[in-house]
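Asks: We have chain E; now place chain G onto it with these hints.
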Amino acid sequence: MDEKSKHRYVFKVVVIGDGAVGKTSLINRFAEQKFIKEYKPTLGTNIVIKEIQENGDNIRLLMWDIAGQSKWKDVRHLYYQGASSAILVFDVTRPETFNNIPHWFDDLLKYSGDIPRVLIANKIDLTEIRKKSTEEIKEMAEKVNAKFFETSAADGTNVLEAFIYLARLMTNKIVK
Amino acid sequence: MTLNPMEKKEISMNVFYALLTALNDIMGQDGKNSVLRYAKLDKYIHTHTPDEISMDEKIDYNIFHSLINSMFVLLGFGTSAILYEAGRKWLIYLSPFGLSLDVMIKKLENWIGGKWDLIKKDDLEIVDVYECPICYGLKSMSGKPICHIIGGALSKIKESETGEKYDVIEDKCIALGDKCCEFRIVKKYKLDVKEYLKE
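The listed protein sequences derive, respectively, from chains E and G. Under my numbering, the final residue of the first sequence carries the number 176; numbering is consecutive throughout. Under my numbering, the final residue of the second sequence carries the number 199; numbering is consecutive throughout.
Here chain E stands alone, though its shape is the one from the complex (with noise of 0.2 Å):
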């Protein structure tokens, strides 16, 4: 085997939060490094296949980008099933995206249990119209167990680092 590409894994993420919070961007900027600024609600669950290598394991991310309109709720729980770990994603300039978070926190423990998951603060490229504070973020995050990352989808801000440290999440717990 050749030293550098010690594993192979393929993970599942479920990519969860209110409508038009930015799901869909930040996997587009992860996957494919492109922001489009129309937005179009998911229709159900996109799924989006991205190979990384870290620390020179191969990994497979199958991320599923779930709708967060209320219309898909009877048949969400389906999506859940078999991920291995999650992001949780809200708006800073909409608060209530943020007040949201617990419920889908909720929904991931009821349905993929107590998996590995980053809170995702995202649009903070919009300064003027913001929000939410860190201070506040940090405490949520508390709450759900998880460390955040303030990205914005737009610029690129942090949206490397979240995907990636998720990816080290995962395969560190396989190690352990």
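Heads up, some of the hints might be wrong.
To be verified - In silico DSSO-like pairs for lysine-lysine, Cα to Cα no more than 27 Å straight-line:
1) G:Lys106 x G:Lys43
2) E:Lys110 x G:Lys188
3) E:Lys34 x G:Lys40
4) E:Lys50 x G:Lys139
5) E:Lys71 x G:Lys165
6) G:Lys9 x G:Lys115
7) E:Lys73 x G:Lys165
8) G:Lys188 x E:Lys73
9) G:Lys43 x E:Lys40
10) G:Lys165 x E:Lys110
11) E:Lys173 x G:Lys144
12) G:Lys106 x G:Lys40
13) E:Lys6 x G:Lys139
14) E:Lys147 x E:Lys131
15) E:Lys143 x E:Lys110
16) G:Lys187 x G:Lys120
17) E:Lys34 x G:Lys43
18) E:Lys132 x E:Lys40
19) E:Lys50 x E:Lys147
20) E:Lys110 x E:Lys73
21) E:Lys50 x G:Lys43
22) G:Lys115 x E:Lys110
23) E:Lys50 x G:Lys40
24) G:Lys106 x E:Lys40
If you are wondering where the hints come from, they were derived from the structure by calculation, not from laboratory data.
Replies: Structure of chain G alone, referenced to chain E:
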């Protein structure tokens, strides 16, 4: 002599479109399109299900198999519930008329291939599928059976026939090295489906 389903070359067009419609219901348009893209069947992304499909219309088996394979890769990872639900929906679109199990398995044999046998033992019904058109050429990576789509379809057939709830457990699978895929049909009160579907 065993029949390679690929040698059948063609399957009924209605089977393919019914599965796309079932996927659309469960995964939404974006989910269905993700599966089609992975299968390199992009040309079907904007194709709507025809209002009426003649039972004589056919589609290349390889196209159907690419779709199934893509569903296993994208949806089957760690989850059987979506594939099982897709099977139930698929059956509704294939035949909403509540035909009996023995009639329906002959129809499925005709539509998608394989050799389907219904075995009745006391109050138990078992369906054996040889040369299974669903898991053909695939190996189970989880060490568990993988033909949840057929399981879901059989459960819906029984429900439509009797008006009662049924679960279907796949005890054998060609993808595990068994000679056939074997499905046991059980009345719902006898088994908790969540227990069965637990990965």
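Asks: Each hint should be assessed against the structure and marked as holding or not.
Replies: So, going through the hints one by one against the coordinates:
no.	hint	result
1	G:Lys106 x G:Lys43	31 Å, violated
2	E:Lys110 x G:Lys188	23 Å, holds
3	E:Lys34 x G:Lys40	22 Å, holds
4	E:Lys50 x G:Lys139	23 Å, holds
5	E:Lys71 x G:Lys165	26 Å, holds
6	G:Lys9 x G:Lys115	16 Å, holds
7	E:Lys73 x G:Lys165	23 Å, holds
8	G:Lys188 x E:Lys73	24 Å, holds
9	G:Lys43 x E:Lys40	21 Å, holds
10	G:Lys165 x E:Lys110	25 Å, holds
11	E:Lys173 x G:Lys144	23 Å, holds
12	G:Lys106 x G:Lys40	31 Å, violated
13	E:Lys6 x G:Lys139	24 Å, holds
14	E:Lys147 x E:Lys131	20 Å, holds
15	E:Lys143 x E:Lys110	16 Å, holds
16	G:Lys187 x G:Lys120	14 Å, holds
17	E:Lys34 x G:Lys43	24 Å, holds
18	E:Lys132 x E:Lys40	25 Å, holds
19	E:Lys50 x E:Lys147	22 Å, holds
20	E:Lys110 x E:Lys73	14 Å, holds
21	E:Lys50 x G:Lys43	23 Å, holds
22	G:Lys115 x E:Lys110	40 Å, violated
23	E:Lys50 x G:Lys40	17 Å, holds
24	G:Lys106 x E:Lys40	44 Å, violated
When held up to the earlier numbered hints, the structure conflicts with 1, 12, 22 and 24 and fits the remainder.
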